[in-house]
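Visitor: What follows is the residue order along each chain.
Number of protein chains: 2
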Amino acid sequence: MSSNEISADPAGTGPFARPVADARHNEVVSPSSLVVHFPASEPLKLDCEQELAPFAVAYQTYGTLNAEKSNAILICHALTGDQHVHNRHPVTGKEGWWDTLVGPGKPVDTNRFFVICSNILGGCMGTTGPASFNPATRRPYGLDFPVITIADMVRAQVRLVDHLGIKQLFSVIGGSMGGMQVLEWAASYKDRLLTAIPIATAATHSAQNIAFHEVGRQAVMADPNWREGNYHAFATRPSAGLAVARMAAHITYLSEKALQDKFGRGLQDRTARSFSFDADFKIESYLRHQGSTFVDRFDANSYLYITRAMDYFDLEAAHGGKLANAFRGTTAQFCVVSFTSDWLYPTRDSKEIVKALNAVAANVSFVEIESDKGHDAFLLEEPEFFATIRGFVNAAAAKHGLAAPGELV
Amino acid sequence: MSSNEISADPAGTGPFARPVADARHNEVVSPSSLVVHFPASEPLKLDCEQELAPFAVAYQTYGTLNAEKSNAILICHALTGDQHVHNRHPVTGKEGWWDTLVGPGKPVDTNRFFVICSNILGGCMGTTGPASFNPATRRPYGLDFPVITIADMVRAQVRLVDHLGIKQLFSVIGGSMGGMQVLEWAASYKDRLLTAIPIATAATHSAQNIAFHEVGRQAVMADPNWREGNYHAFATRPSAGLAVARMAAHITYLSEKALQDKFGRGLQDRTARSFSFDADFKIESYLRHQGSTFVDRFDANSYLYITRAMDYFDLEAAHGGKLANAFRGTTAQFCVVSFTSDWLYPTRDSKEIVKALNAVAANVSFVEIESDKGHDAFLLEEPEFFATIRGFVNAAAAKHGLAAPGELV
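Chain order of the listed sequences is A and B.
For the first sequence, the numbering used here gives the first residue as 5, with consecutive numbering after it.
For the second sequence, the numbering used here gives the first residue as 5, with consecutive numbering after it.
Hints listed in this document are in silico derivations from the structure and should not be mistaken for laboratory results.
Be careful, since some hints might not be right.
Stated by the list, open to error - Restricting the straight-line Cα-Cα distance to at most 25 Å, the calculated cross-link-like pairs of lysine-lysine (DSS-like) are: (1) B/Lys-355 - A/Lys-359; (2) A/Lys-261 - B/Lys-261; (3) B/Lys-49 - A/Lys-266; (4) B/Lys-355 - B/Lys-326.
Model, not experiment: these values are computed from the prediction.
Put together the whole structure using the sequences plus the hints.
Guide: Now the structure itself:
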């Protein structure tokens with residue numbers, strides 16, 4: 005879109021070992037997305053007090069930015085998500101991860117809105133992360149990549165939005181870790197958004213959630229192929245460890261009832277127990293599949309950095325121990341959404357957000373969606389959820405003079 | 005107690021590699037407990053249709069068996085428990101794992117009852133398991149050990165009880181996997197017990213619980229030191245993988261609230277985030293400690309076999325798809341106990357057991373204990389739980405003519 009947007013990172017073709025030059029690795033060095041490169045002269049200041057420079061942000065857009073630049077919606081993705089919200093994924097070939105919610109005629113209607121989604125800082129789909137080329141060492145960052153925070157991720161998004169010349173976003177929307185980014189936007193960039201939709205998220209990561217993340221990290225680090233994060237140089241990948249991490253996490257994304265209803269004690273491709281350690285049960289087979297496919301599309305070090313950023317997220321502590329302080333002075337309109345069977349970010353976490361917003365007399369609506377699907381519900385077919393988002397977005401658009409589909413302003 | 009009880013397994017001193025000849029390994033080959041050896045002529049018939057022979061059962065006893073042999077209580081231990089209910093542990097040096105419940109004057113009063121606890125089949129504290137000497141190969145079984153079931157564990161216990169000359173147990177008591185054994189006793193050996201106390205358990209292992217176990221097994225198997233189960237021969241142990249398995253499991257033993265109250269987002273030995281992958285948070289430090297201490301006292305293959313046995317447990321399927329059938333004809337008196345914050349074996353699992361017992365007009369009392377402590381509550385200080393067990397045991401003892409403490413019959 006401008007002169008400093010190129011589709012490949014020339015540094016990525018440099019002399020560092022590129023052991024597994026597959027589709028996934030190509031997305032690190034030469035993403036299929038649009039990319040904005042911020043040069044060394046425009047560093048990103050991080051919470052850890054280091055500066056990252058140069059850095060790149062890879063992103064996708066859908067729909068058309070209007071002349072007033074008033075119809076932009078930023079989608080923030082979750083831990084293992086990426087910018088491919090509403091297009092075929094360049095590595096997996098699958099449909100966009102939020103095709104259910106975003107698209108022409110969908111609740112977030114791309115006939116009407118200009119939708120942006122960028123790969124988060126620390127990710128592995130083109131935005132600078134631990135798999136990216138480190139100009140200082142002329143090899144991938146690995147553990148030389150600075151430990152980042154949700155606020156740092158949002159700083160990178162702000163730079164992208166600035167670059168696109170958008171002064172105020174119509175909305176910032178995200179689920180799970182994406183919701184944390186929404187909250188960070190609302191807290192730190194109050195004049196940059198009209199509405200905020202944090203979904204299935206929390207303002208403060210709980211001890212149990214830190215615990216599950218720590219198990220995942222330890223699984224990766226226990227894999228000898230991790231090699232202290234320097235696996236790129238050894239033509240290896242800690243795939244076994246990363247698969248275990250993914251399996252453990254995956255359990256937390258579904259409700260107990262969803263697992264029971266979907267798999268129960270059903271056997272996989274057999275009629276009786278094998279009396280072995282094969283995947284006798286459907287649930288075992290399913291988890292193994294989740295683990296093995298994940299490692300094909302995700303970088304293990306990115307997994308460490310992103311889970312760490314989530315664990316570090318504590319909007320309450322960052323605002324003097326009082327969550328309401330984070331939102332003081334906000335003029336944005338909030339729609340907070342939770343799901344009844346989500347035990348990773350249960351409704352009480354959303355209620356804390358709502359309470360804090362109420363304490364500063366913010367404009368907030370809160371909806372708890374009845375669902376058996378657990379945390380993953382926000383990614384799945386949930387008509388009540390879709391209706392909630394559609395209703396909120398349309399009403400806010402009307403209020404702010406944005407044309408409804410088929411209307412002229 | 006009889007001529008075939010010896011304190012060491014001579015086979016254990018054989019020519020197989022004994023790479024880590026530490027206190028734990030000594031308990032496999034030469035347990036500190038009493039051991040009964042069943043010779044090759046008295047095999048144990050297993051559900052997998054193999055026979056195990058010879059085999060040994062290591063056990064502890066507390067209190068005195070009365071002349072009528074009517075005051076015996078069998079305690080069944082959980083996944084990572086063992087026979088050291090009420091004595092200092094030979095490997096860890098810690099107090100017995102159920103010292104809170106069992107001992108002189110305790111709810112299970114050893115002044116009054118003869119308490120037996122045996123290491124389960126497949127364990128690693130002296131009863132035959134995958135770390136034991138396989139006479140066929142003259143090295144540890146490893147994955148040559150047959151895949152066992154809860155019913156097989158109980159078969160080994162029945163052999164021990166027979167060996168002790170006890171026709172009818174006053175009670176069989178156990179929590180978690182111990183509770184599964186209690187249910188199996190009640191279902192398959194109806195004339196061998198007067199009372200049964202299944203605690204924090206289920207008649208059928210859920211999909212979510214299978215899922216967590218599968219993650220643990222995959223963590224062990226992903227460790228290159230596991231070497232297809234043959235690590236004994238390589239002077240290695242899959243400690244990293246086993247530690248990850250333990251960490252994941254440990255989260256499920258505590259309630260979300262217990263984790264939040266005990267650890268919250270508290271930092272460990274620091275005042276600010278380190279911006280590294282150190283154990284910044286107390287919960288991380290705690291989990292790493294749980295993982296690293298566990299591997300000193302437990303055999304990785306035992307972990308695989310025992311979790312598998314739990315996953316296979318399905319008393320309903322074993323009785324024609326109707327749990328009530330399992331208990332038809334029982335004359336035992338049941339006390340079923342659950343804990344409000346246990347999400348591994350939630351109250352609804354206990355209610356299924358109670359419903360099945362009611363359907364066959366069994367004598368059953370059911371108590372749900374209010375507790376924040378999660379699944380581990382059965383091992384911790386829970387006065388209401390202690391009072392429940394004490395009350396049930398004393399009333400049943402009185403009914404069956406067993407002397408109360410200080411009384412003469």
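Visitor: Which hint numbers does the structure go against, in order from smallest to largest?
Guide: Going through the list in order, the structure violates hints 1, 3 and respects the others.
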